[in-house]
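> Residue numbers (this note's numbering), protein chains in the order written: chain A, 1297 to 1897; chain B, 731 to 814.
Because the hints were derived from the structure by calculation, they are not lab data. Warning: the hint list may mix true and false statements.
Unchecked claim - Here are the computed lysine to any residue pairs in the SDA-like style, where the Cα-Cα straight-line distance is at most 20 Å:
id	chain 1	residue 1	chain 2	residue 2
1	A	K1410	A	K1735
2	A	K1797	B	K808
3	A	K1572	B	N804
4	A	K1572	B	L778
5	B	K807	B	G744
6	A	K1675	A	F1665
7	A	K1675	B	I805
8	A	K1888	B	G737
9	A	K1797	B	S735
10	B	K740	A	M1880
11	B	K800	B	L764
12	A	K1888	B	A793
13	B	K740	A	E1883
14	A	K1634	B	G737
15	B	K807	A	K1797
16	A	K1572	B	P766
17	A	K1572	B	I746
18	A	K1888	B	L743
19	A	K1572	B	F754
20	A	K1634	A	A1619
21	A	K1888	B	I805
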Amino acid sequence: MSLQATTYLFVGLSFALYIGIAIWARAGSTKEFYAAGGNVHPVLNGMATGADWMSAASFISMAGLIAAMGYGGALFLMGWTGGYVLLAMLLAPYLRKFGKFTVPQFFGTRYYSKGASTVGVFCLLAASLTYIIGQMTGVGVAFSRFLGVSNATGIYIGMGIVFMYAVFGGMKGITYTQVAQYCVLILAYTVPAIFISLHLTGNPLPQLGLGSNMAGTSVSLLHKLDLISQDLGFAQYTTSTRLRTFNMFVYTVSLMIGTAGLPHVIMRFFTVPTVKDARSSAGWALVFIAILYTTAPAVAAMAKMNLLTTVNPQIMTDSNVFAPDAQIKYDERPDWMKRWEVTGLLKFKDKNGDGRIQYYNSKSKSAEFKAKAAAAGWKGNELSVNRDIMVLANPEIALLPNWVIALVAAGGLAAALSTAAGLLLAISSAISHDLLKEKFMPDLTEKGELMAGKISMACAILVAGYLGLNPPGFAAGTVAIAFGLAASSIFPALMMGIFSKTMNKQGAVAGMLAGIGVTMFYVFAHKGIFFIKGTGFVDAIGGPNFFLGIEPNAFGAIGAVVNFAVAFAVKNMTEPVPADIAQMVEEVRIPKGSSAVDGAH
Amino acid sequence: MQHDSEGYWKATLGLIRNILIVWFVVSYGFGILLAPALNNIHIGGYPLGFWFSQQGSMYIFVALIFIYAKLMGNIDKKFDVHED
């Protein structure tokens, strides 16, 4: 069977599975629609959370980012896993005990005002919509690369599939499809990694292979990678930090607390039966996430190794990369390079006309390296490599059979669809439950609300599809910004709602607005007001990364600090919290007396 | 209220604090701030600071959540606030 036919078969089978689950798991009540009935097993919920969490960016782009950044890429690994420790201890069990459907509903009750709930809806929509733009473009990219259809067709197909299980099944349908999607995506990620690790180091476990010697030698893979990276003018792989150590530190904090504050992840913990289950379920979620996240750095280093040794075949034995015949001839490049050149993800331009591929860091700061490169007649880097290649072309680079390549396609699509569905549920429940039912139509019946939920889900899919088709021109950076927004607004307000009995509504609302405001200000200063090109004003207020050298994607942590500070300052100036609210916080803190979630007040 | 809610909350915060100390030390400490120094030590082919940042911290995070869940369950029982 040809590669294309195998791919269609695998992707088709996985879609049939998702639709089958959608038919089986239709939602008959709001409790099923918002919280999957509240009786999902903690291990299954952990698996669903894993799929919910790991997006197209985690699956397709993260390993490539790490390959490019080296050691500094660890900020994604630690940032996107460490948040689960915070979630498990600080938020999940208490919000489960609280027993409501949505995050804004917690704000509305704990901060005893519809205003707090509305600000919560605003922050939730800001974070979730920013996030979903990245997912929908990811869906389009995944479809077009794997199935050879146009971006737009890909997004339409993706919208159709999500529509089937999200509109009819709500949280119930999404939960069980996410379990299936997790299985598909984790197989798709680990199978090629195991083959490659075995091939390079003789150790089948990528996590151990990364720390092993190169097969048949006594040199460790990472040490060799350090050496050949430097031979080609790149930074030393295992020590290259992200900008400055302080920036890397703050960036990691932002991702961690952003992770703990993302509503679509928090909502998943409303689906388990008890407080105890919410705690262990967070652990299971991290187990399932860590399987991919500990494999990713191995994929990154090994794919980079494979790429460098493909272009420089003699580099393993002879470190003189400048020898005239050290690089591969363009005409003799392997087949996978030819295939990916067609997609534009790999581009070659013979700048010095010698018919060979020079792939090196032409921006190296070492004068010695530059002199040697010039002496060898190199006229600049000739190969541009899109970072997504590191995962997408991995099975081909390792000469794996077609079914593995097809599996990676199904896995990439599963990752993109599962996260999109989770976000859509967070958005639609905020609209149908927190805005419509709470604010405008309080006497909406159960049946009416279920219908409203389905309609707002359908609308959310259309809006997300539109944004995916017409991304506002900043799609690449949006995912990281979503974390900044969640970190600076939702996480602090939730935490104070549980850990401070005295935090009042004025403090919480002022804190959220200040936190998200200062974060948006910093991001807009760098990237333009509402990301419109040319409206950035960063030069007027101190130049790029002016605040302690922190890059805008990492600013959420600073926003969170502002949130806490403003909240406590305002709290001390306004009237104290009512006694019944303090009593409610007391109740939320203990597991005893937990009941199944419900939306009522 | 029959149970000692003050004692329960104190025990809870103590546990959270201890877990957060380990959480901070392995990720921000070993993985970022002390990584350059730890890189002089190797385990297998891994420089130690690099290992903590790209592997070790994640394993420890997983362990921390399960340890927290277990110990928190014990605290619940001790103060008789567990679910039936």
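> State for each hint whether it applies.
Comparing the hints with the structure gives:
Taken as a hint, the A/K1410 and A/K1735 pair is honoured in the structure, with Cα atoms around 8 Å apart against an allowance of 20 Å. Our distance criterion of 20 Å between C-alpha atoms is broken by A/K1797 and B/K808, whose separation comes to about 23 Å. Between A/K1572 and B/N804, the direct Cα distance comes to roughly 11 Å. Compliance with the 20 Å bound is thereby established for this hinted pair. Only pairs whose Cα atoms come within 20 Å are accepted, and A/K1572 paired with B/L778 is rejected, the gap being roughly 35 Å.
Between B/K807 and B/G744 the CA atoms are separated by roughly 16 Å; this keeps the pair inside 20 Å, and the hint holds. Straight-line distance between C-alpha atoms of A/K1675 and A/F1665 comes to about 13 Å, which keeps the hinted pair within the 20 Å bound. Proximity of A/K1675 to B/I805 is assessed by CA-CA distance (about 67 Å); at most 20 Å being required, the pair is judged violated. At roughly 15 Å between alpha-carbon atoms, A/K1888 and B/G737 fall within 20 Å of each other, so this suggested pair holds.
In summary, the hint linking A/K1797 to B/S735 is supported, as the alpha carbons are separated by about 13 Å, within the 20 Å threshold. Proximity of B/K740 to A/M1880 is assessed by CA-CA distance (about 18 Å); at most 20 Å being required, the pair is judged to hold. Pair hint B/K800 plus B/L764 does not hold up; C-alpha atoms about 30 Å apart against a cutoff of 20 Å. Using a Cα cut-off of 20 Å, the hinted pair A/K1888 and B/A793 is violated, with the two alpha carbons roughly 25 Å apart.
Only pairs whose Cα atoms come within 20 Å are accepted, and B/K740 paired with A/E1883 is accepted, the gap being roughly 15 Å. At most 20 Å may separate the alpha-carbon atoms for a hinted pair to count; A/K1634 and B/G737 exceed this at roughly 67 Å. Distance restraint check for B/K807 and A/K1797: the Cα-Cα separation of roughly 24 Å exceeds the 20 Å cut-off, and the hinted pair is therefore not satisfied. For the proposed pair A/K1572 and B/P766, the alpha carbon gap of about 39 Å is over 20 Å, so the pair is violated.
Straight-line distance between C-alpha atoms of A/K1572 and B/I746 comes to about 16 Å, which keeps the hinted pair within the 20 Å bound. Taken as a hint, the A/K1888 and B/L743 pair is honoured in the structure, with Cα atoms around 18 Å apart against an allowance of 20 Å. A hinted pair counts as satisfied when its Cα atoms are at most 20 Å apart, and A/K1572 with B/F754 does not qualify at roughly 24 Å. Proximity of A/K1634 to A/A1619 is assessed by CA-CA distance (about 25 Å); at most 20 Å being required, the pair is judged violated.
Simply put, A/K1888 and B/I805 have alpha-carbon atoms about 12 Å apart, close enough for the 20 Å limit, and the pair holds.
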